[in-house]
Amino acid sequence: MRRHIVGFDIAGLAGAMFVYGKGLARGEALAARFPRLHRLLSGKYFVDELYESLLGRPLHWVSERIFLGVGDRFLIDGSLNGMASLAQRAAGRLSRVETGSLQFYVLLAVAGVVGCLAWMWRNG
Amino acid sequence: MADATLLNLVLWLPVIGIAVIAATPRGADSWVRSLSLAVMLLQLALTAILYVHFDPARAGLQFVTSRPWIAAWGIDYRIGLDGINVLLVALTAFLGPLVVAGAFSAIQKDVKLFYAMVLFIQFAMLGTFLAQDLFLFYVFWEAMLIPMFLIIGIWGGERRIYATLKFVLYTAFGSILMLAAVIYLVYSLNATTGIKSFAFADLYGSHLPLHTQMWLLAAFGLSFAIKVPMVPLHTWLPDAHVEAPTTGSVILAGVLLKMGTYGFMKLGFPLFPEATRAFTPALMTLAVISIVYGACLALVQTDIKKIIAYSSISHLGYVMLGLVSLDLVGIQGALLQMVSHGLVAGGLFLMIGMIYERCHTRDIAAYGGLAKLLPVYSVFFSILTLASIGLPTTSGFAGEFMALLGAFNAAWPQHVAGYDLPLVLAVIAVSGVVLGALYMLWLAQRMLFGPVKALHQPLRDLDARERAILIAIVAAIFAIGLYPQEPLRKTELAAREYQQIVMSGRGHHGSLP
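Respectively, the protein sequence lines represent chains R and G.
Residues in the first sequence are numbered from 0 upward in steps of one, following numbering that gives the first Met the number 0.
Residues in the second sequence are numbered from 0 upward in steps of one, following numbering that gives the first Met the number 0.
Derived from the structure by calculation, the hints contain no laboratory data.
Ideal Cβ positions, reconstructed from N, Cα and C, are used throughout, including at glycine.
Any given hint could be a false lead.
Some but not every residue of chain G turned toward chain R, in silico, with C-beta under 10 angstroms [stated by the list, open to error]: (1) Val167; (2) Leu207; (3) Pro208; (4) Thr234; (5) Asp238; (6) Tyr292; (7) Leu296; (8) Leu434; (9) Leu437; (10) Arg464; (11) Ala467.
So the derived label-pair ranges between C-beta atoms look like this [stated by the list, open to error]: (12) Phe33/R to Trp411/G: 50 to 58 angstroms; (13) Ile145/G to Met119/R: 57 to 65 angstroms; (14) Gly55/R to Leu327/G: 37 to 45 angstroms.
Lysine to aspartate or glutamate pairs mimicking EDC-like chemistry, simulated, CA-CA at most 20 angstroms apart [said to hold, decoys possible]: (15) Lys371/G to Asp462/G; (16) Lys111/G to Asp28/G; (17) Lys305/G to Asp71/R; (18) Lys371/G to Glu356/G; (19) Lys108/G to Asp302/G; (20) Lys305/G to Glu97/R; (21) Lys305/G to Glu63/R; (22) Lys452/G to Asp302/G; (23) Lys108/G to Glu157/G.
Turn these sequences into a full structure, and let the hints guide you.
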């Protein structure tokens, strides 16, 4: 087993010496004769580009659009800011009870007293 | 020499500092700065004495002070160090002078108030860690909010009011539910056993029925989960970090986030062991979601501070993972990760503050080729990036690895018994390491390498003060990373105790020194 691996080393060394041993000329001639193979090898089998399109870009898209856009911004922050604005609007509506009109307040107070007396009379 | 009095001195020293600062005349800013730094350094020195004298072979609390406070309700002023909080107290004391020194050039208005707030929050944070009485704990827990509110709200960025209100309301909402749970817990203890006490040791290993425990754990857990922060209760953190001044961010990331995990470890889980065991799958799921979701969101940010904010969510997911694994390695890894994250995130935020002071932008697209312009800065930035990723020899590795190992240790027997969920979750959690490397390395590449972008030139590299701060942090990171046995030794007994209480639900009564 170890001999096979060393064999790969030696083969690689021999191949490099064959192609580039005497300058760049033979290397360029080989590149011209096998253009597609040359592109594949110098592109490192395009593994980086494969990873980028299979994993990198989808991950980025999902993280940005779904996790950030829908999850964080819309669902979580949206519900929080929504609750806050709900509280503000409710407070705005409820504050209309404060009319500032003394007559209205006295009327409410009298109604309250009458109600209390009625309840006490009803419940002994 | 090292005893309960020293611990009290460490805790109350910032308050003395505030009193002295309040007495300084207006405009004596450099006096205020020097004074604050002196107080923090003194506190660090005293804490170091306590740390060295902390006996790892003794179980239970050390340097305890226990005095009746509100005796009618059984509330004591009770503080002490144990294996769980000793590291966190050391972290807080260590970051104190760095935080103060880091703000020297950044804060120019209302300097007196600012340093008073920094000292106040230091006091509140230490009190939260040291408190051994539930009422005292709650008081300090709430006390932390006020100075943070002011620090973000006065010296923060553009949207500071929104961010600080969000932070306070979010946290306070959880705390109120926790208060209700505290009252119910103490009342029920009194009703069943006649003991009227708020002390932790009396409340551990609750004998309440499972149903009640689950509600109470949910109430406590909500408050702590907001602080950690756990997804989906995390959205206050990015806003708070971005709008806070550098000092605020360092305090927030360095110590405040650890409050949540400390709360879980010291209170939430040991107080309700049966409920914790029942909730473990849910907690583990949330922890893993935090790890992955936080990392994915960090990937797509354009603001440097937001990247580190989301990375904090991810890193603290590992802490939660280690805590719920109930495996000794996992628990100790969680503690180590707490300290490590405090150092690394604190350091990163300090560095972001330094570059912001020079270029006044946090947009990543504006930076490029910093390695050529600011070589010393880039070296420190790279070291902190690698520590954040969890490179071996840094503290980040020790914490993360142990937490994951603990998760696998806990998951494997369950897998063998046919229950696969924990194992699946642990495997997914490991992918968080890859994602962590992804966004941090990409950030470092965009900022430090590549073509030099037109920034405010000429940029001055780090001065002596900034170098001193960063050297201290990096030294601590490597010290823990290369020799984690030292901090872990001090935590071992406490970690075992925590594990025992949560796994067996046995009460802890009667071990008060």
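Going through the numbered hints above, which ones does this structure break? Give me the numbers in ascending order.
Structure breaks hints 1, 2, 3, 10, 11, 13, 19 and 20.
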